[in-house]
Amino acid sequence: MLPRIALARLVGRTGVTLGASTSSYCTSTSDHSFATIKPKKINYERIGIVGVPFDKGQRKKGVGLGPKAIREAGLIDHIQEISPKLNIKDYGDIQYEALNFQGRKVGNMKKLEHVASCSRNLSHQVTEVLDDDRLCITLGGDHAIAIGSIDGHLHHSKDVAVIWVDAHADLNTNSTSPSGNIHGMPVALLARELCDYWPYIPGMDWQEPIISIKNLAYIGLRSVDPYERAIIEKFGINAFGMREVEKYGIREVMRMALERIDPNGERSLHVSYDIDSLDVLEAPSTGTSVRGGLTLREGIYIMEEAYGTGRLAAVDLVEVNPAIGTPEDVRRTVEAAIHLLVAACGHSRKGDIADTLDLIQK
Numbered sequence: 076m077l078p079r080i081a082l083a084r085l086v087g088r089t090g091v092t093l094g095a096s097t098s099s100y101c102t103s104t105s106d107h108s109f110a111t112i113k114p115k116k117i118n119y120e121r122i123g124i125v126g127v128p129f130d131k132g133q134r135k136k137g138v139g140l141g142p143k144a145i146r147e148a149g150l151i152d153h154i155q156e157i158s159p160k161l162n163i164k165d166y167g168d169i170q171y172e173a174l175n176f177q178g179r180k181v182g183n184m185k186k187l188e189h190v191a192s193c194s195r196n197l198s199h200q201v202t203e204v205l206d207d208d209r210l211c212i213t214l215g216g217d218h219a220i221a222i223g224s225i226d227g228h229l230h231h232s233k234d235v236a237v238i239w240v241d242a243h244a245d246l247n248t249n250s251t252s253p254s255g256n257i258h259g260m261p262v263a264l265l266a267r268e269l270c271d272y273w274p275y276i277p278g279m280d281w282q283e284p285i286i287s288i289k290n291l292a293y294i295g296l297r298s299v300d301p302y303e304r305a306i307i308e309k310f311g312i313n314a315f316g317m318r319e320v321e322k323y324g325i326r327e328v329m330r331m332a333l334e335r336i337d338p339n340g341e342r343s344l345h346v347s348y349d350i351d352s353l354d355v356l357e358a359p360s361t362g363t364s365v366r367g368g369l370t371l372r373e374g375i376y377i378m379e380e381a382y383g384t385g386r387l388a389a390v391d392l393v394e395v396n397p398a399i400g401t402p403e404d405v406r407r408t409v410e411a412a413i414h415l416l417v418a419a420c421g422h423s424r425k426g427d428i429a430d431t432l433d434l435i436q437k
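Under the working numbering, the first residue of the sequence shown carries the number 76, and numbering increases by one thereafter.
The reader is advised that the hints may include incorrect statements.
Straight-line alpha carbon distances no greater than 30 Å define the calculated DSS-like cross-link-like pairs of lysine-lysine that follow [to be verified]:
1. Lys143 x Lys164
2. Lys116 x Lys164
3. Lys233 x Lys289
4. Lys233 x Lys186
5. Lys289 x Lys309
6. Lys309 x Lys233
7. Lys185 x Lys136
8. Lys116 x Lys160
9. Lys425 x Lys160
10. Lys186 x Lys135
11. Lys233 x Lys164
12. Lys425 x Lys164
The set of hints was computed from the structure by calculation and includes no laboratory data. In this text, all values refer to a predicted model and were calculated from it rather than measured experimentally.
Kindly produce the complete structure, drawing on both the sequences and the hints.
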């Protein structure tokens, strides 16, 4: 596939029919098949943590403090409690310098010079963690970071399925976004079926929209923009909103989601988890909370089932904002994030298996 620099991609507002291809760049990708690639078995005894203190994908200050707050609440210690055999490496925080576009601009994409640079560096880091044979845990930061984390996963594993747990679809383009905040655009930037609806994007030449939208499932949706709804229906995206969670239960929703995005159980799995997918009572310290969300119990179950596939390779946990709410709100939100992350690393609510049975054998 050609990089973005080879494109003169057309924006949807130019009159292109939704879903119609205008570029051989996009249509050629449909011929690429990774069906014969078997994912490497994930080594769950090795875990890598990457912090992304990034807040430029949206307008509220404080979300960049999320990684620090989660670490200081004892994330590594909580993961280590699962088993002393776990080898946990903290790779530190992503550093970047904003790009200089020298006057080149893309309309309605705020802070693109920051998003492009940070995402590129994160992509390289995630690939390194996965190449180091570790489950990759990425701590945001706002949800724009998923551009880099999923791209890095794709460079390592090629054939990836994504579970996007979020109150929002994050499926806008720059021509449809009501805000211009890029944390509402990552899925649209990653999906190869939508590449015709973007212009040339300076600074993003490194990023290839190669994931099929059919290999992604949403869970927890309850605030979807009209354009996003149209795209979901046009392409038949697997979208399990809160109505479906209520109707089927979280167990059946997870079963259906995994069956649809990875029917043969062969793809490397990426869970991109926005803390605002949880109800505001569970996670109040986040920037775009929407009432009526997942319970923490349901949220943990999603992570447990993803881990249980044996194919979970990467997890994003984003949009924890310690600058929002009272100290109790922050404590509750960070605690919820840690519950989700330890579940993704293999913690069982019925008790972790002891490494030695000497005590009960006496």
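Here's how the hints hold up against the structure:
1. This hinted pair checks out: Lys143 and Lys164 have alpha carbons roughly 16 Å apart, not beyond 30 Å.
2. With a C-alpha separation of about 19 Å, the suggested pair Lys116 and Lys164 falls inside the 30 Å cut-off, and the hint holds.
3. For the proposed pair Lys233 and Lys289, the alpha carbon gap of about 15 Å is at most 30 Å, so the pair holds.
4. Proximity of Lys233 to Lys186 is assessed by CA-CA distance (about 29 Å); at most 30 Å being required, the pair is judged to hold.
5. Annotation: proposed proximity of Lys289 to Lys309 holds, straight-line Cα distance about 12 Å (limit 30 Å).
6. Taking the CA atoms of Lys309 and Lys233, the gap is near 25 Å; set against the 30 Å cutoff, the hint holds.
7. Note on Lys185 and Lys136: the hinted pairing holds, with a Cα-Cα distance of about 15 Å set against a maximum of 30 Å.
8. The suggested pairing of Lys116 with Lys160 holds, with an alpha-carbon distance near 18 Å, which does not exceed 30 Å.
9. With a CA separation close to 19 Å, the supplied pair Lys425 and Lys160 stays within the 30 Å bound.
10. This hinted pair checks out: Lys186 and Lys135 have alpha carbons roughly 13 Å apart, not beyond 30 Å.
11. This hinted pair checks out: Lys233 and Lys164 have alpha carbons roughly 24 Å apart, not beyond 30 Å.
12. The suggested pairing of Lys425 with Lys164 holds, with an alpha-carbon distance near 26 Å, which does not exceed 30 Å.
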